[in-house]
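Assemble the whole structure, with the sequences as input and the hints as a guide.
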Amino acid sequence: MTSASVARVDRERRILDAAAELFRERGFHGAGMDELGTRAGLSGPALYRVFGGKSEILAALFNEAMDELVGATAPLLADPEADLRRLVHHHVRFTIDHRALVSVYQREDRSLVDPWRKEFDRRRRRYVERWERAVARAAPAAAPTAVAAATQGCLGAVFSLAYWPGRTLRAPGSDELAERFVLLGFGALGIALIDQGP
Numbered sequence: 001m002t003s004a005s006v007a008r009v010d011r012e013r014r015i016l017d018a019a020a021e022l023f024r025e026r027g028f029h030g031a032g033m034d035e036l037g038t039r040a041g042l043s044g045p046a047l048y049r050v051f052g053g054k055s056e057i058l059a060a061l062f063n064e065a066m067d068e069l070v071g072a073t074a075p076l077l078a079d080p081e082a083d084l085r086r087l088v089h090h091h092v093r094f095t096i097d098h099r100a101l102v103s104v105y106q107r108e109d110r111s112l113v114d115p116w117r118k119e120f121d122r123r124r125r126r127y128v129e130r131w132e133r134a135v136a137r138a139a140p141a142a143a144p145t146a147v148a149a150a151t152q153g154c155l156g157a158v159f160s161l162a163y164w165p166g167r168t169l170r171a172p173g174s175d176e177l178a179e180r181f182v183l184l185g186f187g188a189l190g191i192a193l194i195d196q197g198p
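Yeah, the sequence shown ends on 198 if you go by the numbering used here, and it's all consecutive.
Hints in this document: simulated from the structure, not taken from any laboratory. Certain hints may be false.
To be verified - Quick list of the computed label-pair ranges, beta carbon to beta carbon:
| no. | residue 1 | residue 2 | range |
| --- | --- | --- | --- |
| 1 | Met33 | Gln152 | 26 to 36 Å |
| 2 | Arg137 | Gly41 | 22 to 32 Å |
| 3 | Asp114 | Val70 | 43 to 53 Å |
| 4 | Gly32 | Asp79 | 28 to 38 Å |
| 5 | Val70 | Ala143 | 24 to 34 Å |
| 6 | Asp79 | Gly27 | 24 to 34 Å |
| 7 | Arg39 | Arg133 | 36 to 46 Å |
| 8 | Arg8 | Thr145 | 46 to 56 Å |
| 9 | Tyr163 | Arg13 | 22 to 32 Å |
| 10 | Thr145 | Ala74 | 18 to 28 Å |
| 11 | Ala72 | Glu35 | 40 to 50 Å |
| 12 | Arg122 | Leu184 | 43 to 53 Å |
To be verified - Straight-line alpha carbon distances no greater than 25 Å define the calculated DMTMM-like cross-link-like pairs of lysine to aspartate or glutamate that follow:
| no. | residue 1 | residue 2 |
| --- | --- | --- |
| 13 | Lys54 | Asp109 |
| 14 | Lys54 | Glu132 |
| 15 | Lys54 | Glu64 |
| 16 | Lys54 | Asp79 |
| 17 | Lys54 | Glu21 |
| 18 | Lys118 | Glu132 |
| 19 | Lys118 | Asp67 |
| 20 | Lys54 | Asp121 |
| 21 | Lys54 | Asp67 |
| 22 | Lys118 | Glu108 |
| 23 | Lys54 | Glu108 |
| 24 | Lys54 | Asp10 |
| 25 | Lys54 | Asp83 |
| 26 | Lys54 | Glu81 |
| 27 | Lys118 | Glu129 |
| 28 | Lys118 | Asp175 |
| 29 | Lys54 | Glu119 |
| 30 | Lys54 | Glu12 |
| 31 | Lys118 | Glu12 |
| 32 | Lys54 | Glu25 |
| 33 | Lys54 | Asp97 |
| 34 | Lys118 | Glu68 |
| 35 | Lys54 | Glu68 |
| 36 | Lys118 | Glu56 |
None of these values were measured; they are calculated from a predicted model. For every residue, glycine included, the Cβ atom is placed at its ideal position computed from N, Cα and C.
Below is the structure:
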C-alpha cells in the first residue's frame, strides 16, 4: 500500500468514526459537514475528496456495520445451538464495541437513500434470513412465524445494548450478562441455550 493510499484510509477512518459519533448525538439530518470535518480534523474540501457527501458517509457506515454483522454469520456450525450461541456472542460483542455505529444503524435507517438503500435492503434481508435459519435449526418444531418473531426479538435485544449506559457495559462480566439476557429469550421456543441452574 502506498503512503497516499494509507493516508486516504486513515482519513476515511477518521471521517467514519467522527460521523458515527456525530450522527448518534445529533441525528443524520442535524449533523453538518463542517462540524463533521472539525471532529475528523479535516477541512470541508478534504471531506469531499474522500466522500461525495453526507449520504455517502451514512451509506459507508451502514455497509461497515453490515460487513461486520454478515461476516459473523458464516459459516454455519454443525451444532445448531452452538451456531446460535456464536451468533449471539459476536453480535453482543460488536454492539458493545461499536455502540455509536449500531445506534446510527438502528435510528438512521430512514435516512439512507438510493442508490445505497436498495443494496442495503437486499443485504439486510439476507442477514435476517441467516438468523432465521439459525433459529429454525435450533428449534425445528417452531412455526415460521415463531422463528421470525424470535429472530426479531433477539436482534432487538442485542441492538438495544447500544443504548445501555457506558459504565454498565464497561463493568467486568457485563458482556456475559448481556449474552445471557439475549439467550434467555430463546427459551420461549424451547431452546435452552444457557444453564439456568436448579
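Hint check:
Between Met33 and Gln152 the beta carbon distance is about 35 Å. The supplied range of 26 to 36 Å therefore holds. For the pair Arg137 and Gly41, the beta carbons lie near 47 Å from each other, so the given range of 22 to 32 Å is not met. Remark: the range hint 43 to 53 Å for Asp114 to Val70 is contradicted by a beta-carbon distance near 21 Å. Evaluation of the 28 to 38 Å hint for Gly32 and Asp79 yields a failure: the beta carbon distance comes to about 49 Å.
Distance hint check for Val70 and Ala143: the Cβ-Cβ separation is about 26 Å, which falls inside the suggested range of 24 to 34 Å. For Asp79 and Gly27, the hinted distance range of 24 to 34 Å is not satisfied, since their beta carbons lie about 42 Å from each other. Roughly 40 Å separates the CB atoms of Arg39 and Arg133, a value that falls within the hinted 36 to 46 Å. In this structure the hint that Arg8 and Thr145 lie 46 to 56 Å apart at CB holds, the actual value being about 47 Å.
The given range of 22 to 32 Å is respected by Tyr163 and Arg13, whose C-beta atoms sit roughly 24 Å from each other. Checked against the hint of 18 to 28 Å, the C-beta distance between Thr145 and Ala74 comes to roughly 25 Å, which is consistent with it. The hint said 40 to 50 Å for the Cβ distance between Ala72 and Glu35, and at roughly 32 Å that hint is violated. Between Arg122 and Leu184 the CB atoms are about 32 Å apart, so this pair departs from the stated range of 43 to 53 Å.
Between Lys54 and Asp109 the alpha-carbon distance is near 14 Å, which keeps this suggested pair within the 25 Å criterion. Pair hint Lys54 plus Glu132 does not hold up; C-alpha atoms about 33 Å apart against a cutoff of 25 Å. Restraint check for Lys54 and Glu64: the C-alpha separation of about 15 Å stays at or below 25 Å, so the hint holds. Distance check on the hinted pair: Lys54 and Asp79 sit about 43 Å apart at the alpha-carbon level, beyond 25 Å; violated.
Between the alpha carbons of Lys54 and Glu21 the distance comes to roughly 14 Å, so the proposed pair stays at or under 25 Å and holds. Among the hinted pairs, Lys118 with Glu132 is consistent with the structure: their alpha-carbon atoms are about 21 Å apart, no more than 25 Å. Our distance criterion of 25 Å between C-alpha atoms is met by Lys118 and Asp67, whose separation comes to about 16 Å. For the suggested pair Lys54 and Asp121, the alpha carbons sit about 19 Å apart, so the restraint of at most 25 Å is met.
Taking the CA atoms of Lys54 and Asp67, the gap is about 20 Å. The hint holds against a cut of 25 Å. The suggested pairing of Lys118 with Glu108 holds, with an alpha-carbon distance near 15 Å, which does not exceed 25 Å. Under the criterion of a C-alpha separation no larger than 25 Å, the hint pairing Lys54 with Glu108 is consistent with the structure, at around 12 Å. Simply put, Lys54 and Asp10 have alpha-carbon atoms about 18 Å apart, close enough for the 25 Å limit, and the pair holds.
As the CA atoms of Lys54 and Asp83 are separated by approximately 37 Å, the hinted pair breaks the 25 Å bound. Distance check on the hinted pair: Lys54 and Glu81 sit about 41 Å apart at the alpha-carbon level, beyond 25 Å; violated. Under the criterion of a C-alpha separation no larger than 25 Å, the hint pairing Lys118 with Glu129 is consistent with the structure, at around 17 Å. Straight-line distance between C-alpha atoms of Lys118 and Asp175 comes to about 33 Å, which puts the hinted pair past the 25 Å bound.
Among the hinted pairs, Lys54 with Glu119 is consistent with the structure: their alpha-carbon atoms are about 18 Å apart, no more than 25 Å. Only pairs whose Cα atoms come within 25 Å are accepted, and Lys54 paired with Glu12 is accepted, the gap being roughly 13 Å. Simply put, Lys118 and Glu12 have alpha-carbon atoms about 23 Å apart, close enough for the 25 Å limit, and the pair holds. For the proposed pair Lys54 and Glu25, the alpha carbon gap of about 15 Å is at most 25 Å, so the pair holds.
Straight-line distance between C-alpha atoms of Lys54 and Asp97 comes to about 24 Å, which keeps the hinted pair within the 25 Å bound. With a C-alpha separation of about 19 Å, the suggested pairing of Lys118 with Glu68 holds against the 25 Å cut-off. Pair hint Lys54 plus Glu68 holds up; C-alpha atoms about 21 Å apart against a cutoff of 25 Å. Under the criterion of a C-alpha separation no larger than 25 Å, the hint pairing Lys118 with Glu56 is consistent with the structure, at around 14 Å.
Taken one by one, the earlier hints fail for this structure at numbers 2, 3, 4, 6, 11, 12, 14, 16, 25, 26 and 28, listed in ascending order.
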